[in-house]
Amino acid sequence: MPTISFLFFSGPYQSESPETMIELAKAALNKGMSVKIFCYMDAVNCVKTGQKKVPGVTNIEEQFRELIAKGAEVRLCSLCMLVRGTKDFIEGAKRAGTPDIADIVEESDRVLVIS
Amino acid sequence: MSKKIVVILKKPPHGSLYPAEGLRVAVAVSASDTKVVSIGDSVYAFLKDVDMALYKHHLDFLKESEIPVLIDKDSLETRGLTEGNLVNDVTVEEHSDILKTIANADATLTF
Numbered sequence: 001m002p003t004i005s006f007l008f009f010s011g012p013y014q015s016e017s018p019e020t021m022i023e024l025a026k027a028a029l030n031k032g033m034s035v036k037i038f039c040y041m042d043a044v045n046c047v048k049t050g051q052k053k054v055p056g057v058t059n060i061e062e063q064f065r066e067l068i069a070k071g072a073e074v075r076l077c078s079l080c081m082l083v084r085g086t087k088d089f090i091e092g093a094k095r096a097g098t099p100d101i102a103d104i105v106e107e108s109d110r111v112l113v114i115s
Numbered sequence: 001m002s003k004k005i006v007v008i009l010k011k012p013p014h015g016s017l018y019p020a021e022g023l024r025v026a027v028a029v030s031a032s033d034t035k036v037v038s039i040g041d042s043v044y045a046f047l048k049d050v051d052m053a054l055y056k057h058h059l060d061f062l063k064e065s066e067i068p069v070l071i072d073k074d075s076l077e078t079r080g081l082t083e084g085n086l087v088n089d090v091t092v093e094e095h096s097d098i099l100k101t102i103a104n105a106d107a108t109l110t111f
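For the protein sequence lines, the chains are W and X, in the order given.
Numbering follows the working numbering, with no gaps: position 68 of the first sequence is 68.
Numbering follows the working numbering, with no gaps: position 90 of the second sequence is 90.
These are computed hints drawn from the structure, not numbers from a lab.
No experiment lies behind these values; they were computed from the predicted model shown.
Don't take every hint at face value.
Said to hold, decoys possible - Computed list of lysine-lysine pairs in DSSO-like fashion (alpha-carbon distance at most 27 Å, straight line): (1) 53/W <-> 26/W; (2) 26/W <-> 70/W; (3) 52/W <-> 87/W; (4) 3/X <-> 94/W; (5) 10/X <-> 31/W; (6) 56/X <-> 73/X.
As the list claims (entries may be wrong) - Residues on chain X that point at chain W, a partial pick, calculated with CB under 7 Å: (7) 1; (8) 4; (9) 25; (10) 28; (11) 29; (12) 32; (13) 107; (14) 109; (15) 110.
Claimed, not checked - Restraint-style ranges between C-beta atoms, simulated for each label pair: (16) 66/X <-> 50/W: 40 to 50 Å; (17) 54/W <-> 1/X: 28 to 38 Å; (18) 94/X <-> 92/W: 31 to 41 Å.
The beta-carbon is built from N, C-alpha and C at its ideal position, and this holds for glycine as well.
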């Protein structure tokens, strides 16, 4: 099973980068690929719990929950969380460190950077 | 055999944390066959007089680990800079060589 990974930088509700990454990840999962996502810098806020649902706006928390439910592996830069005060995050996402990026690169067939 | 990783720095050191974060990641993946490439406004991160408080320790580690930090000569010249403006821990390379380095990578991590 091919593995595609995302090094993902964008916080939610500022640009459409999260939506782009989410759609790419969903497409890969639907094709049977293994998907790994490393949330770096502001992207760690994409998995915060309690994001308000607004009609017409993609709820990023919900989308990440769906990705995890479909088997995506989501890792969060713990230092990025610390400096942003990001504490409560969705179940299934895991705290990680930058050395995890080395593992992800080694384990992946392709690595995409979405900023 | 570990993969060839190129960490590409693109953004300036002022108004963005990206060069510092890119160098942090370069340190984190340094057990792999890693190179750092600096293009565009990121070359300002390696000026002799720039404040490197956020990433000097990363640059020192990369030097000790013999991880090359390659500066795109074209990016320097278009900004009126020369190798003499840069710290000693980096290597200036022709644009064509920078492109070859990127093309030969198994993974590129862009900051």
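Query raised in the report: Which of the numbered hints above does this structure break?
Result: Violated hints: 5, 7, 8, 17 and 18; rest satisfied.
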